[in-house]
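Number of protein chains: 2
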Amino acid sequence: MREVAVIGVGMTKWGELWEKSLRDVFVESALLAIEDSGVDHIDSMYVGSMSPGLFVGQEHISAMLADYLGRNPIPATRVESACASGGLALRQGFIEVASGMSDIVLVGGVEKMTDSTGAEATFALGTAADQEYELYHGITFPGLYALIAIAHMEKYGTTREQMAMVSVKNHLNGAHNPLAQYPFKITVDQVLSSVMIADPLRILDCSPITDGAAAAIICSVDKAREMGKPLIKITGIGQATSTLELAQRKDITWIDATYLAAQQAYKMADKTPQDIDFFEVHDCFSIAEICVMEALGIVEKGQGGRAVEEGKTAIGGQYPVNPSGGLKSKGHPVGATGVAQVVEVVKQLRGEAGERQVKDARTAMTQNMGGSGASTVTHIFERE
Amino acid sequence: MREVAVIGVGMTKWGELWEKSLRDVFVESALLAIEDSGVDHIDSMYVGSMSPGLFVGQEHISAMLADYLGRNPIPATRVESACASGGLALRQGFIEVASGMSDIVLVGGVEKMTDSTGAEATFALGTAADQEYELYHGITFPGLYALIAIAHMEKYGTTREQMAMVSVKNHLNGAHNPLAQYPFKITVDQVLSSVMIADPLRILDCSPITDGAAAAIICSVDKAREMGKPLIKITGIGQATSTLELAQRKDITWIDATYLAAQQAYKMADKTPQDIDFFEVHDCFSIAEICVMEALGIVEKGQGGRAVEEGKTAIGGQYPVNPSGGLKSKGHPVGATGVAQVVEVVKQLRGEAGERQVKDARTAMTQNMGGSGASTVTHIFERE
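Chains A and B supply the protein sequences, listed in that same order. Going by the working numbering, the first residue of the first sequence is number 1, and it counts up by one from there. Going by the working numbering, the first residue of the second sequence is number 1, and it counts up by one from there.
This is chain A alone, in the form it adopts within the complex (with noise of 0.2 Å):
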């Protein structure tokens, strides 16, 4: 297999995109990654998104896209595993590149949600979850997680306000975000007089309903070396599932799928979690990240929420997680969250983050889940 590179990056201010339709946003954030990349030409494209059938009555979205970018006839697919369909488009991508297929792959991901009522948006991201075995009985997306949320804090103490500095930190890093559709601070009052959506979590413990797109262009490392640009080589990658249905876990605290998926990015590109810079995860809800951190061997298990109590996980702490605000500040239009932690890690890498730089950053890890923790796509990258 071939070594594998990012040249560029694209993404677009996130929100409710009301003016645009998922065509527009996808193709602003794939233009921007082309040109930020250099390249004259793409040989595929891989389109990660989870249900534009049931947000915007759109399958077969792909071949639309490579048309709408002006790419057609080229190869074009579109993955899906509900939330980590980004991260499996760069997947995709990376498996043609290193097998010698193609040379220049397009990845993106895109979701356009704010079409839809509350309540159709509330059914489409439930179908993340198992509908026959959770959904048709009544629970919610969110209140999967605050069954976790419950767990967690009767099995480790975790208390309700490090769940809240989760959401604390994240909008203290996406204030620094132009991007993020929100771009604010906000306190841990705040968090906890907020709206309760599914007890114990509130609105502010929850990543909102985005329409956005982001893209990256990723290529062979010779390829990249002709491109001039600083090389980010792609070093390790990992894929894992788990059950669908919460209740067949042993375990709902401790993610599987993201424990599996990361050792064996860690094999592959021969790192500890201590070798890592920062970490971009997926932190749907504020119990998510914190659960994460644990899986990923950031922290031991049932320390993730007093480790963002002591400021670990800040930028300048001993280890920065989701620098770029994270889904809860930066926003979460489902199939493109995973690209757009690209997206973040190829600015930081570079040194071009501002505000929201983690100094001398080198190495960074991505962790992107969908449902429940069903499936989890990770990705270590390095700056030569």
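Each hint should be verified, as a subset may be incorrect.
Pairs involving identical chains hold if they fit within one copy or between any two copies, as the list cannot separate such chains.
Pairs of lysine-lysine, DSS-like flavour, derived with a Cα cap of 30 Å [as the list claims (entries may be wrong)]:
no., residue 1, residue 2
1, K301, K271
2, K20, K301
3, K267, K223
4, K301, K312
By construction, these hints were calculated from the structure, which means they are not laboratory data.
Following the hints, complete the assembly by docking chain B onto the known chain A.
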């Protein structure tokens, strides 16, 4: 890139499977493929499915199906390009094995279509076309193919009877396929007097609404030799896209994505259409098979209808097309169709196709497409 082989296939009877859920249908076929191959594990899995979100309210099926197959925590990814989703699953599996990343990959396709109402199914299938520029204005998916049929009749003198003969030929073949949804013969008169769907297409010109799945096990050629099965290599692959919107094409009778994807596969396998012993193609409507034959280069432009009338595409003809019964007789659970084509190819190349056997078949081609032709995936198979 390593050479890749197919060593096992599985498929259960297709139809209106009221008593089974999407997961049941998929797992039955996947287990048959694993049993047929003799492998003791699989490294990863790709699933093609067009719209489980709209048909049964369930996205994120890849992790769910890996779990129900007892293969959690392997990597599992859904791919989608409307009705070409199954063919794309095979393509992604091929790339992964060819890259050296995995040795044994399960590729499957599934769709559970009859759990929705007729109106819901019509809407879901329509999302393969352009929602904003086609469907919104009132046309249905059969309506798009009706436009193609009218154009083909006007431009080339293709007759209403010739289109009917596509359905008659495919039902004749399908009558010998015990897994087909409609395994019986029909006549030209029956087609011509059947219910009108979108003038000039009648219901017996249209593939049906179907529940079903199909699966195949692919691996490196080295591994396949170890397993001791007849060696069936995948020697050519192709994929191309076109505009989703029919009105944007220069000539709606010419499926340019199929032409380009076929040329890629021929070049890679070093074959011409004359070297192929039989074809499994995407006859979602009778006119589609006629257009596809022309784009694959089996016949000259405009000669598809005449070739069918002259019996050249029958089993025993000069270039048999759809010995399985095609989508028309076998059924069309959209995401499964591309994988079911592989099931037929393997049975034929092993000489296990019974009364529908193409004599001395050693080389075959599959063509699977999405929408009104905006996505096409092709594969060429050769028995050593």
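Inset, instruction - Tell me, in ascending order, the numbers of any earlier hints that this structure violates. - result: Violated: hint 2 alone.
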